Amino acid sequence: MTELTLVQAVNRGLFEAMKSDPDVLILGEDVGVNGGVFRATEGLLKEFGAERVIDTPLSESGIVGAAIGMALYGMKPVAEIQFVDFIYPAFDQIVSELAKFRYRSGGQYPCHVVIRTPYGGGIKGGLYHSQSPEAYFAHTAGLKVLIPSNPADAKGLLLTAIHDEDPVLFLEPKRIYRSVTGEVPDGDHRVPFGLASTVREGSDVSVFAYGAMVPVAAQAVDALGAEGIHAELIDLRSLVPLDEKALLASVEKTGRAVIVHEAPRFCGYGAELAAILAEKALYSLKAPVVRVTGFDTPFPYALEHLYLPNAERVAHAIRTTAKAA
Amino acid sequence: MSATEPVLVPLEYQEEELTTLIGPDWADRLLHAYRWMVLGRTLDARMLGLQRQGRIGFYGPATGQEAVSVGAWMVSKPQDWIFPGLREQLLALARGHSLTTYLHHLFANDLDPARGRQMPCHPTAREVHYVSMSSVIGTQISQAVGTAYALRHKRDPSVAFAFFGDGATSSNDFHAGLNLAGVLDLPVVFCCTNNQWAISVPVERQSAVAHLSEKATAYGMPGATVDGTDVVAVFASLNGAAEKARSGHGPTMLEFVLYRMTPHSSSDDPTRYQAKDWMARAQAHDPVRRLEDLLARRGALDEAKRALIALDADGEVRGAIATAEKVGPPLSESLTTDVLASPPAPAGTGSDGS
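These protein sequence lines map, in sequence, to chains A and B.
Mapped onto this note's numbering, the consecutive letters of the first sequence carry residue numbers 22 to 346.
Mapped onto this note's numbering, the consecutive letters of the second sequence carry residue numbers 1105 to 1458.
Source of the hints: derived by calculation from the structure; they are not laboratory data.
One or more hints might be untrue.
[Said to hold, decoys possible] Beta-carbon label-pair distances, calculated as ranges:
{"#": "1", "chain 1": "A", "residue 1": "Y149", "chain 2": "B", "residue 2": "S1239", "range": "29 to 35 Å"}
{"#": "2", "chain 1": "B", "residue 1": "D1214", "chain 2": "A", "residue 2": "F287", "range": "39 to 45 Å"}
{"#": "3", "chain 1": "A", "residue 1": "V54", "chain 2": "B", "residue 2": "D1214", "range": "49 to 55 Å"}
{"#": "4", "chain 1": "A", "residue 1": "V54", "chain 2": "B", "residue 2": "P1326", "range": "25 to 31 Å"}
[Unchecked claim] Footprint (simulated), chain A over chain B, 3 or more residues, beta carbon under 8 Å:
{"#": "5", "stretch": "1209 to 1222"}
{"#": "6", "stretch": "1245 to 1253"}
{"#": "7", "stretch": "1430 to 1436"}
What you are looking at is a predicted structure, and each value in this text was computed from that prediction instead of being measured.
Think of the CB as a built atom: it goes at the ideal place given N, C-alpha and C, for glycine as much as any other residue.
Bound conformation, chain A alone (with noise of 0.2 Å):
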């Protein structure tokens, strides 16, 4: 076990798959020589080399595209999209194509792809330095979407999405890649997919949320107790492939459900989640769903402390759905 950031996790896990898998390369843009703009790739150029780290052209489609024809040769290309607002130039490779390949090929070409990219706001970036599209891509059947939060699943995570077979799209909560640290396993850790945490026992609401908006329900949580108001807080962790069971048992349990996102509510993935308890958790609801979320407009600049849920909304929610009749 060693203390680490969740950049830092991310970091171990490159490394780890790297040099037990000589297959694995990592591109992207400023990943070789400046270790990524986050520091995510810091030290594999010199680990591994300019061969295996390649600082690709300012190209997103290029990045992909690229990935996508060295992973049908057989590699185990990691590619890094600086942050995941740019990642719409490549959305075509990874919609039609990487999402695809298997598929339309009738198996003969697995395409096995991950791609890292920062999400998320809290940092001062604008509209274009804090976006959650997850949806768009967990709409999109052929892929895999992960989000980690905390240090110890980013690297269990990563481990597990890089010696997958199905390409992976890997969103990592970058308002969080300092702000929390944690133990992480050493050596090769592996947290599988399509596994919910639990990260808060409760009995009266159950909160759904995933990435960075974990810790802060996580705070709104802590905070209810003290209210007698005991929820229980669910890290998803898996987007693609959902834990449907940890959704559907935790609702029968309390019978109340609040999820929280930072992206924009209307078709967020929140609403698949909604959508899902109202098809087979119907009967076990005692109050309306609640959503936490973004607001439908772009990302702010200035008000983005107002745009994204914070735990006194996220408390607020809960408090309303325990005790709505």
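Chain A is already provided as a structure; the job is to place chain B on it using the hints.
Structure of chain B alone, referenced to chain A:
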């Protein structure tokens, strides 16, 4: 030849030139090339007919573009990687993909290796390194560059060939792919089949450069414009570019100028946008007839042999159609397989109870 037919622009190669460019066995090799071109031409005619009869859903002919696929077949080695556009299926066939299997794909039946998931003319043939393609224009270009990177990284002496049309030179991935290949100096050959039309948009509206190959300069690689209806020129230029890539001297962009001799696809009506004399100009550059004429003048092909080759092609295509048309549609189970290696949940579990 009737009086109204355009005069064919002949290929003027002398025997010595053919020996230099292709080898002492040029006659055999070109005759073999001619057989494939006739097969492609025959297949196009039959399949367009079948589409009109409603027996297949769609067809994208390569009539007029056969010399590029066949030239690439002559040059490429089995371990090379092919990233095709819409009109390179003849290359897959010549590299060894079974015609019957391709017909299964065109009929989108249960024996299609891709289980009828794609529109016709989008085959996958891994056994001949013919990569799965989408209908999106240009995306295969940067993918080919990534494979070229892997080839060099693994010290694999193979080459990646990326095929795309004139319209694709306007796409994001043309720029992204050629730029990356230039910067990293990778073993890839970019093959632009400039058939002068992107559906209804003529190449003059696609780019302001006189020759699309000029674009190569901006990416720090050589580019050349080649007569894409002359299989000898196609072979020679591709051979040079492939050997250059194979020996570690980086990428090349070749522009093959040719004529689209059919509608863009079975869904297109070119009378809406093509000038009346287009087809006459195209026919004067018909790659199959130009090679046939050359072989005849050089004594490698006589009328009896020509007729036999045509008959063989017709028989092969008819046989494959008959076999494929008997096979039923894909099993409904195949709707939900191959989405992921490890599926998150059975697909289709909605509130409709299915």
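| Violations among the numbered hints, reported as their numbers in ascending order | 7
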